[in-house]
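Participant: Residues per chain, in single letters:
Protein chains: 2
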Amino acid sequence: MEALGLSLPLIEPGDDLPSMILKAADQIGGLREGDVVVVSSKVVATAEGRVKELSKIRPSLRAKRIAAKSGQPPELVELILREADRILKIRRGVILTMKRGLICANAGVDQSNAPKSKAILLPRNPEKSAERLRLALISGAGARIGVVISDSVVHPLRLGTVGQAIATAGIEPVIDCRGKLDLYGKPLKITYRAVADQLASAAQLVMGEAGERVPAAVVREVEIELVERPKLSPKISPRRCLYSGVKL
Amino acid sequence: MEALGLSLPLIEPGDDLPSMILKAADQIGGLREGDVVVVSSKVVATAEGRVKELSKIRPSLRAKRIAAKSGQPPELVELILREADRILKIRRGVILTMKRGLICANAGVDQSNAPKSKAILLPRNPEKSAERLRLALISGAGARIGVVISDSVVHPLRLGTVGQAIATAGIEPVIDCRGKLDLYGKPLKITYRAVADQLASAAQLVMGEAGERVPAAVVREVEIELVERPKLSPKISPRRCLYSGVKL
Chain A
52 MEALGLSLPL IEPGDDLPSM ILKAADQIGG LREGDVVVVS SKVVATAEGR
102 VKELSKIRPS LRAKRIAAKS GQPPELVELI LREADRILKI RRGVILTMKR
152 GLICANAGVD QSNAPKSKAI LLPRNPEKSA ERLRLALISG AGARIGVVIS
202 DSVVHPLRLG TVGQAIATAG IEPVIDCRGK LDLYGKPLKI TYRAVADQLA
252 SAAQLVMGEA GERVPAAVVR EVEIELVERP KLSPKISPRR CLYSGVKL
Chain B
52 MEALGLSLPL IEPGDDLPSM ILKAADQIGG LREGDVVVVS SKVVATAEGR
102 VKELSKIRPS LRAKRIAAKS GQPPELVELI LREADRILKI RRGVILTMKR
152 GLICANAGVD QSNAPKSKAI LLPRNPEKSA ERLRLALISG AGARIGVVIS
202 DSVVHPLRLG TVGQAIATAG IEPVIDCRGK LDLYGKPLKI TYRAVADQLA
252 SAAQLVMGEA GERVPAAVVR EVEIELVERP KLSPKISPRR CLYSGVKL
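Respectively, the protein sequence lines represent chains A and B.
Using my numbering, the letters of the first sequence correspond one by one to residues 52 to 299.
Using my numbering, the letters of the second sequence correspond one by one to residues 52 to 299.
Some hints could be false.
As the list claims (entries may be wrong) - Far from chain A by the CB rule (all over 12 Å, computed), these chain B residues: (1) Glu84; (2) Lys167; (3) Glu182; (4) Ile189; (5) Gly193; (6) Glu279.
Stated by the list, open to error - Far from chain A by the CB rule (all over 12 Å, computed), these chain B residues: (7) Pro110; (8) Arg195; (9) Gln215.
Claimed, not checked - Chain A regions said to be covered by chain B (calculated; three or more residues, Cβ under 8 Å): (10) 96 to 102; (11) 176 to 190; (12) 211 to 219; (13) 271 to 284.
FYI, nobody ran anything at the bench for these hints, they're computed from the structure.
Note that the Cβ used here is the ideal one computed from N, Cα and C, for glycine as well.
Construct the entire structure; sequences and hints are all you get.
Facilitator: Below, the structure written as structure tokens:
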């Protein structure tokens with residue numbers, strides 16, 4: 052398996068991201084059948100124009116109250132409240148939220164790699180963005196390509212971020228291992244493998260979080276099932292979650 | 052970045068795992084300076100003899116009570132209770148626990164890829180195991196090598212497992228990004244990157260969970276800091292954790 056970073060120019064709202072990815076992929080000999088393109092949610096959202104000028108945001112009373120507690124600008128907190136489906140925790144410097152079935156810091160509203168006084172939101176509909184990107188890449192490359200839109204996520208009791216797939220297109224994001232046998236012919240205890248999340252983490256090893264301008268990567272020669280319509284979702288409802296009801 | 056699976060013969064208690072890894076690495080031209088060897092905790096524990104015959108375990112009353120609730124064999128639950136530092140949740144088929152600062156299913160006690168009627172525990176001291184393995188690989192390969200002992204972990208609201216580093220040796224497992232600047236010269240919001248966990252996930256894309264006999268991988272050409280003594284740990288105390296106090 053190989054992961055190759057793609058250097059892109061600075062992305063601006065309205066940019067044609069698929070063309071820029073195809074052009075960047077020329078550096079690695081172009082995209083090939085079965086390649087998975089992992090793209091940071093940040094550049095997808097930026098190209099889609101999901102960039103907000105903070106000075107134009109009118110914070111509510113609630114945003115001001117929470118801002119005092121979290122130590123973030125009230126305008127930023129206002130955006131977070133608008134974007135979040137649920138607030139899980141308010142802590143100095145960060146608000147832990149649920150959004151579209153994902154646990155995420157600040158509802159994905161982020162000032163890093165955003166122009167000064169601006170904040171970037173998550174893509175409005177990441178699944179749609181992933182599918183649009185996939186179709187454009189397939190048409191440009193003339194090969195079947197998988198797409199993962201990735202974000203950075205912190206997990207319980209761990210220091211540091213890993214990659215997580217906020218949406219995928221063209222690949223089965225979870226491998227169903229039920230029925231597979233272990234070394235001794237017994238059915239496996241591990242029933243599903245979160246390959247899309249593993250792809251997002253592998254890609255982040257060659258992508259930059261800072262000013263490196265490597266917001267995408269190609270993962271190739273990996274056993275992955277290309278599909279038109281995935282059967283599984285990497286997201287599960289709180290009710291089905293192993294952690295449900297656990298107070299950490 | 053490249054991740055290459057290593058096919059190993061069936062590991063038995065007492066086996067010389069470093070020699071077997073070095074031999075398997077011949078298939079990929081041997082280990083090179085800067086390579087990171089990711090090994091499943093399962094084979095490390097097996098070679099160390101951390102294998103228990105279930106029929107020899109006498110379950111306590113508490114184990115029997117929990118076994119009735121979780122639907123697992125009382126002998127297995129007894130081992131889980133002995134291995135766990137804390138029980139977080141009892142659910143049909145799985146007990147969520149804390150062990151050595153990690154959240155893990157069944158305290159790492161696992162029957163998959165174990166001979167029938169046996170269970171494999173986690174390595175007794177994964178950090179020591181990783182360091183021993185590192186020194187043996189360095190001495191065999193004549194090159195500086197990093198080691199990650201990996202396990203499969205499920206994260207909140209996600210379906211499927213990803214890789215997690217339960218111990219590392221010879222690498223800085225977390226990259227401190229504080230002070231780094233983003234595209235626009237502003238300090239980064241993401242302060243740490245959990246590269247050891249990312250390496251574990253990347254490796255799992257080429258490793259098998261089932262009977263594939265690929266319980267290790269070499270990750271090479273990745274920007275990683277080789278160190279004798281890491282400064283950071285990927286584990287944090289519940290008090291410092293972003294999820295602390297959050298009921299999921």
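Participant: Hints first: check each against the structure and report whether it holds.
Facilitator: Against the structure, the hints:
no., hint, verdict
1, Glu84, "holds, 18 Å"
2, Lys167, "violated, 6 Å"
3, Glu182, "holds, 20 Å"
4, Ile189, "holds, 22 Å"
5, Gly193, "holds, 25 Å"
6, Glu279, "holds, 20 Å"
7, Pro110, "holds, 19 Å"
8, Arg195, "holds, 19 Å"
9, Gln215, "violated, 8 Å"
10, 96 to 102, "violated (count 0)"
11, 176 to 190, "violated (count 0)"
12, 211 to 219, "holds (count 5)"
13, 271 to 284, "holds (count 4)"
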